[in-house]
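> These are the residues of each chain, in order.
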Amino acid sequence: MARRDYLIGKMGISLLTLLFVLLLDFMLFRVLPGDPVRAVIGRNVRISADVQNSLRAQFGLDKPIFPDQFVDTLGQWARGNLGVSWSQRRPVSEILISKLWNTLLLIGLGQLFSIIFGVMLGLLAGWKRKTPFDIGALTFSLIAWATPTFWLGIILLVAGSAWFGLPTGGIVSPANIGKPLHTVLPDLIRHLILPTLTFTILYLGEYMLIMRSSILETLSEDYILTARAKGMSNFQVLMRHGLRNAMLPMVTIIALNLGFTVSGAIYIETVFSYDGLGNLVQTALVKQDYPLLQGAFLLLAVSVIVANMLADFLYTYLDPRVKAN
Amino acid sequence: MSDHWKLFLRNLNEFWKAFRRNKLGLVGGFLILTALLAAIFAPALTPHSAVDIMRDSNGRALTFASPAMHSPLGTDDAGHDVWALLIYGARISLMVGFLAGFISMFVGSSLGIIAGYFGGAVDTLVMRVTDILMVIPDLPLMLVLVATIRQMDLKVSPLSVLILVIGLLYWTSAARLIRSQTLTIKERQFVARARAIGAGHWHIVRKHILPQLMPLIVTNTVLILSTAILIESGLAFLGLGDPTQPSWGTMLNFAFSRSAISNGAWWFYLPPGIAILWVSLGCILLGNVLEEMMNPRLAAHYLEGDKGMIAITDKETGL
Numbered sequence: 001m002a003r004r005d006y007l008i009g010k011m012g013i014s015l016l017t018l019l020f021v022l023l024l025d026f027m028l029f030r031v032l033p034g035d036p037v038r039a040v041i042g043r044n045v046r047i048s049a050d051v052q053n054s055l056r057a058q059f060g061l062d063k064p065i066f067p068d069q070f071v072d073t074l075g076q077w078a079r080g081n082l083g084v085s086w087s088q089r090r091p092v093s094e095i096l097i098s099k100l101w102n103t104l105l106l107i108g109l110g111q112l113f114s115i116i117f118g119v120m121l122g123l124l125a126g127w128k129r130k131t132p133f134d135i136g137a138l139t140f141s142l143i144a145w146a147t148p149t150f151w152l153g154i155i156l157l158v159a160g161s162a163w164f165g166l167p168t169g170g171i172v173s174p175a176n177i178g179k180p181l182h183t184v185l186p187d188l189i190r191h192l193i194l195p196t197l198t199f200t201i202l203y204l205g206e207y208m209l210i211m212r213s214s215i216l217e218t219l220s221e222d223y224i225l226t227a228r229a230k231g232m233s234n235f236q237v238l239m240r241h242g243l244r245n246a247m248l249p250m251v252t253i254i255a256l257n258l259g260f261t262v263s264g265a266i267y268i269e270t271v272f273s274y275d276g277l278g279n280l281v282q283t284a285l286v287k288q289d290y291p292l293l294q295g296a297f298l299l300l301a302v303s304v305i306v307a308n309m310l311a312d313f314l315y316t317y318l319d320p321r322v323k324a325n
Numbered sequence: 001m002s003d004h005w006k007l008f009l010r011n012l013n014e015f016w017k018a019f020r021r022n023k024l025g026l027v028g029g030f031l032i033l034t035a036l037l038a039a040i041f042a043p044a045l046t047p048h049s050a051v052d053i054m055r056d057s058n059g060r061a062l063t064f065a066s067p068a069m070h071s072p073l074g075t076d077d078a079g080h081d082v083w084a085l086l087i088y089g090a091r092i093s094l095m096v097g098f099l100a101g102f103i104s105m106f107v108g109s110s111l112g113i114i115a116g117y118f119g120g121a122v123d124t125l126v127m128r129v130t131d132i133l134m135v136i137p138d139l140p141l142m143l144v145l146v147a148t149i150r151q152m153d154l155k156v157s158p159l160s161v162l163i164l165v166i167g168l169l170y171w172t173s174a175a176r177l178i179r180s181q182t183l184t185i186k187e188r189q190f191v192a193r194a195r196a197i198g199a200g201h202w203h204i205v206r207k208h209i210l211p212q213l214m215p216l217i218v219t220n221t222v223l224i225l226s227t228a229i230l231i232e233s234g235l236a237f238l239g240l241g242d243p244t245q246p247s248w249g250t251m252l253n254f255a256f257s258r259s260a261i262s263n264g265a266w267w268f269y270l271p272p273g274i275a276i277l278w279v280s281l282g283c284i285l286l287g288n289v290l291e292e293m294m295n296p297r298l299a300a301h302y303l304e305g306d307k308g309m310i311a312i313t314d315k316e317t318g319l
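Read top to bottom, the protein sequences are chains A and B. So the first sequence is numbered by our numbering: it starts at 1 and just counts up by one. So the second sequence is numbered by our numbering: it starts at 1 and just counts up by one.
No wet-lab data here; the hints were simulated from the structure. This one's a predicted model, so the numbers in the text were calculated from it and none came from an experiment. Here a beta-carbon is modelled for each residue, glycine too, at the ideal position from N, C-alpha and C. Be aware that one or more of the hints could be misleading.
Far from chain B by the CB rule (all over 10 Å, computed), these chain A residues [claimed, not checked]:
no. : residue
1   : T149
2   : W151
3   : F260
4   : V304
A few chain B residues that don't get close to chain A, going by computed Cβ distances all over 10 Å [to be verified]:
no. : residue
5   : A35
6   : P47
7   : T63
8   : Y117
9   : I132
10  : D138
11  : R176
12  : A194
13  : I217
14  : S233
15  : G234
16  : G239
17  : L277
18  : L281
19  : I284
Covered by chain A, per the in silico footprint, the following chain B stretches (three or more residues, Cβ under 8 Å) [as the list claims (entries may be wrong)]:
no. : segment
20  : 11 to 20
21  : 71 to 81
22  : 94 to 100
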């Protein structure tokens with residue numbers, strides 16, 4: 001029962017957040033100066049007031065903003081209609097979907113490597129506490145924390161292209177655009193190295209710190225002493241009892257970090273002209289393409305909220321203590 | 001008053017003695033101090049201003065000139081002296097970062113104290129708002145907000161918009177921390193006694209709770225400054241800075257978008273990044289050391305003025 005209450009509480013927050021995001025995005029559309037009807041028709045076309053009014057009625061703009069227009073807009077969004085991009089003259093949802101997979105690929109790889117290395121190094125640093133390795137690891141994570149993401153990207157871009165001849169931008173070479181995936185795979189991997197590396201270096205430090213403090217806490221538990229008393233070696237204890245229990249907080253952190261990951265994607269995709277959502281957001285910003293910007297915000301925010309909700313569910317299954325309480 | 005003053009000086013002296021022993025804290029303080037001094041004394045550190053254009057003997061602008069005597073960090077794409085841009089950029093970066101950091105700390109502390117002290121519906125409301133703000137991805141939110149506010153023609157300078165948006169979005173973790181600390185202080189003996197002799201809410205918060213929270217607030221302000229400076233640089237890099245008042249982030253935006261990289265002008269894109277790293281590392285080091293020193297459980301030790309009373313009360317109650 002406790003678990004159900006806990007989950008209902010978490011769900012409530014998520015739904016509230018979702019509602020807030022929808023409302024905010026709707027409001028941002030409304031406060032923009034200019035008449036939506038004129039924006040649709042184009043500024044230079046002359047049309048009579050009668051036609052304008054009938055268009056206004058057709059778009060539902062003659063109704064009160066709350067609740068009619070808000071509900072109408074929500075219905076449109078639910079059907080995947082996020083308006084038309086000003087700069088590309090295409091439906092926003094179509095553009096977003098075309099970039100979504102590239103971003104998921106980058107974020108997925110970056111998270112995968114930073115979690116693997118972060119957990120391993122954090123485990124080692126906690127185990128070998130106060131050795132030069134531990135101090136080095138801590139120094140590294142402090143500096144990674146203080147470094148601007150995009151600047152590290154710029155430096156890796158310069159170094160990678162000058163010393164290793166790695167490509168500086170895009171997702172495949174121009175000649176390979178539109179070819180089937182398996183033929184361009186080596187090219188794709190070469191393009192992914194630098195952005196993924198930037199991602200990994202920046203998020204590694206944080207995961208390492210969390211893993212380190214989590215393992216230190218776990219190693220002071222009584223069951224670790226019991227395991228040692230049973231005659232298990234230090235390494236066996238670390239792997240069988242330490243790692244498993246210390247991994248629990250990581251689940252929440254990874255979910256909470258998703259918002260942060262999105263920020264990383266925006267900076268890194270911008271630096272490496274990587275054809276994903278982050279780069280799209282930056283372009284929309286520069287071109288003042290508000291429908292595109294707000295559509296991207298909606299997609300990113302809703303994905304992060306939903307992912308957090310899923311992580312809460314997952315956590316209750318992984319940690320039996322939440323069930324019991 | 002003079003007794004309080006003496007106590008304050010004595011505590012300050014003790015604090016400095018303890019602080020001095022910590023090398024990392026000293027390094028952090030040094031990094032922040034040098035950046036502040038550079039920003040304050042900018043005109044004394046460079047003969048050029050940020051808008052002066054370096055020219056050769058024929059009067060042509062020196063673009064992407066490598067470091068030399070007249071411009072120690074070379075020039076940018078238009079012939080501006082990079083060293084001058086960097087020094088004057090410190091003013092913008094530090095101003096935006098510090099103001100935004102102070103606003104977020106002020107909002108976070110106020111809401112945290114109110115939520116923790118009064119509890120009930122106010123507490124629930126504040127905590128729900130922090131729950132909501134913590135889940136929404138911050139960078140997309142800020143980009144959308146800043147871009148839309150800019151478009152609204154409100155007659156506010158671009159930098160003020162940046163300061164307000166950063167300051168009003170980053171108070172959530174501070175509010176949670178201050179709230180939980182207020183909850184424990186509120187239950188202590190001296191608050192109950194003050195209430196018993198008829199002290200009002202405002203008096204209790206100002207005289208008994210705030211002084212206990214001060215170390216925590218100071219520490220977190222230092223830590224939040226690094227976040228604010230990093231965020232400002234990021235937003236400016238994405239093009240939301242004020243091009244007429246370039247910060248370090250704006251410089252990096254210029255360097256990146258005006259092909260400093262393909263021109264091999266490392267003197268244009270390395271220094272601003274190092275400067276950002278310099279200040280934010282300084283804040284993190286100093287903040288962590290202060291956090292260690294000012295553990296709230298030991299806080300009474302470092303307090304000034306009439307809070308000397310608290311230490312005595314604590315001894316009596318054994319808290």
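> For every hint, state whether the structure bears it out.
For each hint, the structure was consulted:
For T149 of chain A, the non-interface assignment is contradicted: its Cβ lies about 7 Å from the closest Cβ of chain B, within the 10 Å cut-off. Annotated as non-interface, W151 of chain A brings its C-beta within 10 Å of a C-beta of chain B; the closest such distance is 4 Å. Separation of F260 of chain A from chain B is inadequate, the least Cβ-Cβ distance of about 8 Å not exceeding the 10 Å criterion. A cut-off of 10 Å between C-beta atoms contradicts the statement that V304 of chain A is not in contact with chain B; the least separation is 5 Å.
Every CB of chain A is more than 10 Å from the CB of A35 of chain B (nearest about 13 Å), matching its label as outside the interface. Even its closest Cβ contact with chain A, about 28 Å, leaves P47 of chain B beyond 10 Å, as expected for a residue assigned away from the interface. Remark: the non-interface label on T63 of chain B is consistent with the geometry, its nearest Cβ contact in chain A lying 19 Å away (cut-off 10 Å). For Y117 of chain B, the condition that its CB be more than 10 Å from all CB atoms of chain A holds, with the nearest at approximately 23 Å.
Against the 10 Å criterion, I132 of chain B falls within the reach of chain A, whose nearest CB is about 5 Å from its own CB. Non-interface status of D138 of chain B relative to chain A is broken: a Cβ of that chain comes within 10 Å, the nearest being about 6 Å off. Listed as a non-interface residue, R176 of chain B keeps its Cβ farther than 10 Å from every Cβ of chain A; the least gap is roughly 13 Å. Under the 10 Å C-beta cut-off, the non-interface status given to A194 of chain B relative to chain A holds; the minimum distance is some 35 Å.
Here I217 of chain B stays apart from chain A, with its beta-carbon at least about 21 Å from theirs, past the 10 Å limit. At the 10 Å boundary, the C-beta of S233 of chain B falls inside the reach of chain A, the nearest C-beta of that chain being 5 Å off. Annotated as non-interface, G234 of chain B brings its C-beta within 10 Å of a C-beta of chain A; the closest such distance is 6 Å. A cut-off of 10 Å between C-beta atoms contradicts the statement that G239 of chain B is not in contact with chain A; the least separation is 6 Å.
For L277 of chain B, the requirement that its beta carbon stay farther than 10 Å from each beta carbon of chain A is not met, with the minimum near 5 Å. With a least beta-carbon separation of about 4 Å from chain A, L281 of chain B fails to lie farther than 10 Å from that chain, contradicting its non-interface assignment. For I284 of chain B, the condition that its CB be more than 10 Å from all CB atoms of chain A is violated, with the nearest at approximately 6 Å. Closer than 8 Å: that is the beta-carbon criterion, and the segment 11 to 20 of chain B has 0 residues meeting it against chain A, so the requirement of 3 is violated.
Closer than 8 Å: that is the beta-carbon criterion, and the segment 71 to 81 of chain B has 0 residues meeting it against chain A, so the requirement of 3 is violated. With 0 residues having a Cβ less than 8 Å from any Cβ of chain A, the segment 94 to 100 of chain B misses the three-residue criterion, and the hint is violated.
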